[in-house]
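The chain contents come next:
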Amino acid sequence: MRRIDTHRLRLALTLMAVVSVLPPVGSWLMQTMLTQMLVQIPLVFFAAAGWGARQPAWIGTGWLRWNAQGAPGLLSATFCLAYWMTPIALDHAAADSLWEAAKVVSLVAVGWFSGISWQLASTVARIFYLGNMVWMSITAGMLYQEFPQRLCNAYLWDDQSLTGEALVGASIVFVIGWMIRHAALTARLP
Amino acid sequence: MIRTLIATVAVVLIGVSAFARLTHGFSALTTETARREAVAAQPIAIPKLYGVDQAGSHEALVDPGDDRVAIVDFIYTHCISLCLALGDSYQRLQGQILDAHLEKRLRLVTVSFDPAHDTPAVIADYADRMRVDPAVWTVLTPDDPAQLRAAMSTLGVIAKAADLGQFVHNAAFNILDRHGRLARIVSIDQPRLALDAALEIDSEP
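Residue numbers (the working numbering), protein chains in the order written: chain A, 6 to 195; chain B, 292 to 496.
Because the hints were derived from the structure by calculation, they are not lab data. There's no promise every hint is true.
[Unchecked claim] Once the Cα atoms are required to be at most 25 Å apart in a straight line, the calculated SDA-like pairs of lysine to any residue come out as:
1) B:LYS395 to B:ILE337
2) B:LYS451 to A:ARG59
3) B:LYS339 to B:ASP493
4) B:LYS451 to A:THR66
5) B:LYS451 to A:ASP164
6) B:LYS451 to A:LEU34
7) B:LYS451 to A:LEU167
8) B:LYS451 to A:PRO29
9) B:LYS451 to A:THR91
10) B:LYS451 to A:GLY31
11) B:LYS395 to B:ARG383
12) B:LYS451 to B:ASP434
13) B:LYS339 to A:ALA100
14) B:LYS451 to A:SER32
Construct the complete structure from the given sequences, taking the supplied hints into account.
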């Protein structure tokens, strides 16, 4: 039963991610910083990660030595997500469809790769990368909340400050959610 | 293990160089900073912008007959925040230019980005309130919205309509050289720096 549920969740997430980058909904989500950063980017990233987590058979095992503990894979996710959280990159993506396309392609590639890598990582390694991402998002969120000037030419100051609050909130919820899920999965083990 | 290390180093190198490219060598985290650096390195030409000044005469933002360096800003007259501070700075700059007899070298231009509201009569009234001296300071309301949009886009001025007839907008001292090219952008909290930069641009050959 669980397998089917996971598969349905993956399909639903993929459908939402596809809708979130295509014109009517995509351009609407790009109109505010909040929806670009906290709806579109996470949707695309996690939908791709969902497919990577299936560990498709065709990728084999030979290359795993290049990705012990999923280290390079998870590190690339950190870099990619940080890159698209930078004000100048948000501006480029909002103003230029080539940049937007590059953003989606890189998020899909890195998301998929980190889905694979996440399965290879030990709990300690997972905590390290998760902690790193959460710390980074909270720092960016605090900066966005407190910065007195507009950081993005494409977005308003109110939007920036709200995005900052939402980034901090979402990071905390995400990490607590992960901890609860991790504890539940661990408790089930013999 | 060694292969993973190599892959990790490769990811770090790619990541860091992508960041370096994005931020122009770690110096610009925002589009605004990147633009300021680019303009200072290479002045850019401004598209034609015509309008009516405070005296009711037809003027151009870049007047070929006027080879003074210009400090230009964009406002709307019923603004209740940023433009008020900018107006204060312009008044002070006007005083400093007159005191130092620099009016043959420098001029100030205020352009309205809301010409629908800021009619010639409204800007004449604004100029009166601000005690604008026409020898130094021109207040301009553009007569072609398409020209205004083009000039704003080149100068990087962004104004978005907000509630209660207000605008959310950015502001800066845009310094045009003697050929009417945008040569420097200075933050609005640094009027002294704007004056110095304008003089420096004026003394360039």
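Going through the hints against the structure:
no.: 1; hint: B:LYS395 to B:ILE337; result: holds (22 Å)
no.: 2; hint: B:LYS451 to A:ARG59; result: violated (45 Å)
no.: 3; hint: B:LYS339 to B:ASP493; result: holds (21 Å)
no.: 4; hint: B:LYS451 to A:THR66; result: violated (53 Å)
no.: 5; hint: B:LYS451 to A:ASP164; result: holds (13 Å)
no.: 6; hint: B:LYS451 to A:LEU34; result: holds (18 Å)
no.: 7; hint: B:LYS451 to A:LEU167; result: holds (18 Å)
no.: 8; hint: B:LYS451 to A:PRO29; result: holds (21 Å)
no.: 9; hint: B:LYS451 to A:THR91; result: holds (22 Å)
no.: 10; hint: B:LYS451 to A:GLY31; result: holds (21 Å)
no.: 11; hint: B:LYS395 to B:ARG383; result: holds (17 Å)
no.: 12; hint: B:LYS451 to B:ASP434; result: holds (19 Å)
no.: 13; hint: B:LYS339 to A:ALA100; result: holds (24 Å)
no.: 14; hint: B:LYS451 to A:SER32; result: holds (17 Å)
Checked against the numbered hints above, the structure breaks hints 2 and 4 and satisfies the rest.
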